[in-house]
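Got chain U sorted already, so can you dock chain X onto it with the hints?
Residue numbers (the numbering used here), protein chains in the order written: chain U, 1 to 263; chain X, 1 to 263.
Among the clues, some could well be false.
[To be verified] Simulated restraints on C-beta separations:
| # | chain 1 | residue 1 | chain 2 | residue 2 | range |
| --- | --- | --- | --- | --- | --- |
| 1 | U | Asp-100 | X | Pro-17 | 42 to 50 Å |
| 2 | U | Met-101 | X | Leu-143 | 44 to 52 Å |
| 3 | X | Arg-51 | U | Gly-250 | 29 to 37 Å |
| 4 | X | Asp-139 | U | Gly-250 | 20 to 28 Å |
Hints were generated in silico from the structure; no laboratory data involved. Yeah, the Cβ is synthetic: ideal placement off N, Cα and C, and Gly gets one too.
Protein chains: 2
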Amino acid sequence: MAGTDRTRAEAEAAAVPAPAVVLIDPQLGENIGTTARAMLNFGLDDLRLVRPRDGWPSAKATSAASGADTVVDGARLYPSTEDAIADLAVVYAATARPRDMIKPVATAAAAAADMRAQARRGAACGVLLGPERTGLHNDDIALADAVLTIPTNPAFASFNLAMAALLIGYEWFKTGDETAGAALATGRTGAATKADLLGFFAQLESALDDCGFLRVMEKRPTMVRNIRNIFQRARLTEQEVRTLRGIVSGLTTHPPKARRRRR
Amino acid sequence: MAGTDRTRAEAEAAAVPAPAVVLIDPQLGENIGTTARAMLNFGLDDLRLVRPRDGWPSAKATSAASGADTVVDGARLYPSTEDAIADLAVVYAATARPRDMIKPVATAAAAAADMRAQARRGAACGVLLGPERTGLHNDDIALADAVLTIPTNPAFASFNLAMAALLIGYEWFKTGDETAGAALATGRTGAATKADLLGFFAQLESALDDCGFLRVMEKRPTMVRNIRNIFQRARLTEQEVRTLRGIVSGLTTHPPKARRRRR
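Next comes chain U alone, as it looks inside the complex:
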């Protein structure tokens, strides 16, 4: 199952281009580099730069990208936002909820789902990010179809460029990812069968009968159920059932010797 899902996800990743990230008037080369790194963490590799203040290429960007060289080296330069988005069909502006504009506003998750759906139909997508200090200019927001906003602590809401790109990339990646929300990693061993488990229960309960732990007969059914629930909940593997059987055997085989030693 996991193998099949991975293959399907990979096929989709190849077929559906990830959104472009368009940095408008970015200031520090270092921030461009960390943004490139954050993008590649989630498979985004189309980086577009509009008027980077400190010039391009940038050694600081390459250094800060920590290995995301493909993204930095492939970055394209544009003289204006209009040029940078000309080939795109769906553009989000990453910014706080606008006060003075009438504009659709989507969370990063909703925007990612929309871009995934549009990209599957062949529409090229992109996200605009403004300069570090001031954020996006209203004229750039007006070029976008909608605002992408990241729900955040209102008392401390400032992100740097890379963190914004990371969260946008993360939401994009999640819309194409089929990892199970919760699963049990079992390595090379498999889940125990119920026969394995019932064999262990029989051994354990017999040992508990022998040592007198279950001697109060009116309480015995409840206690047995409670003990069984502990081990059911642990979702044991075959290997672990063998380990537990060994523990019970070990604890019951040499009780006089062990007691003697302790005294």
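Frame of chain U, contents of chain X only:
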């Protein structure tokens, strides 16, 4: 509605403590600071440090926290992971899927949902993050209830501490946030009523009849429907309908003058 939701979300934030972030053997003070900043972006403020390599307090951490001083100043030091988690009831280990351990594995989203549910029942939660280079030691993973894993590009999966904390905090925040996925920001003006819109349609279609744009009568019904759909889709506000009515009036009031000027 938005006001009500915000109030409910804020009441919950006050009532349900966010997870602790436990950094085990963190190396650079700077990384502790950026982690504190990422935590506060999503309202997490319980930072715990186990054996920070470069000592504590750290001027570099304070500087890198960019204003998240409450988190840095409130960080607590512990000599061991066991001490750092003693008061917690639910502990996740943030790491890649383990190869040699039998362990429940949850995505960041599933882990956040679980921690939110447990925290609502009064269980204190926390997430372990290992040192920058090596990640969590297996002995620390064995102290956790489950592994928290962030779905990521398998070809470029390395995060720094702050980015991992950011994504974990983001997922936690989302489980308590009720921001609508998509909405229309309209500022001080409200959505147009259908009467407003129908009034504009009547004005526009009459003007288009007058100028001959709709002269082919068998095509007229389809063209009217197509034009109406353009403006329906725009989900116009009252103000915008007034603007559009003004545009149509403007375009029809002085056509001879305008044409004369252009020549």
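Kindly indicate which numbered hints from before are broken by the structure, ordering the numbers from low to high. Of the numbered hints, just 1 does not hold.
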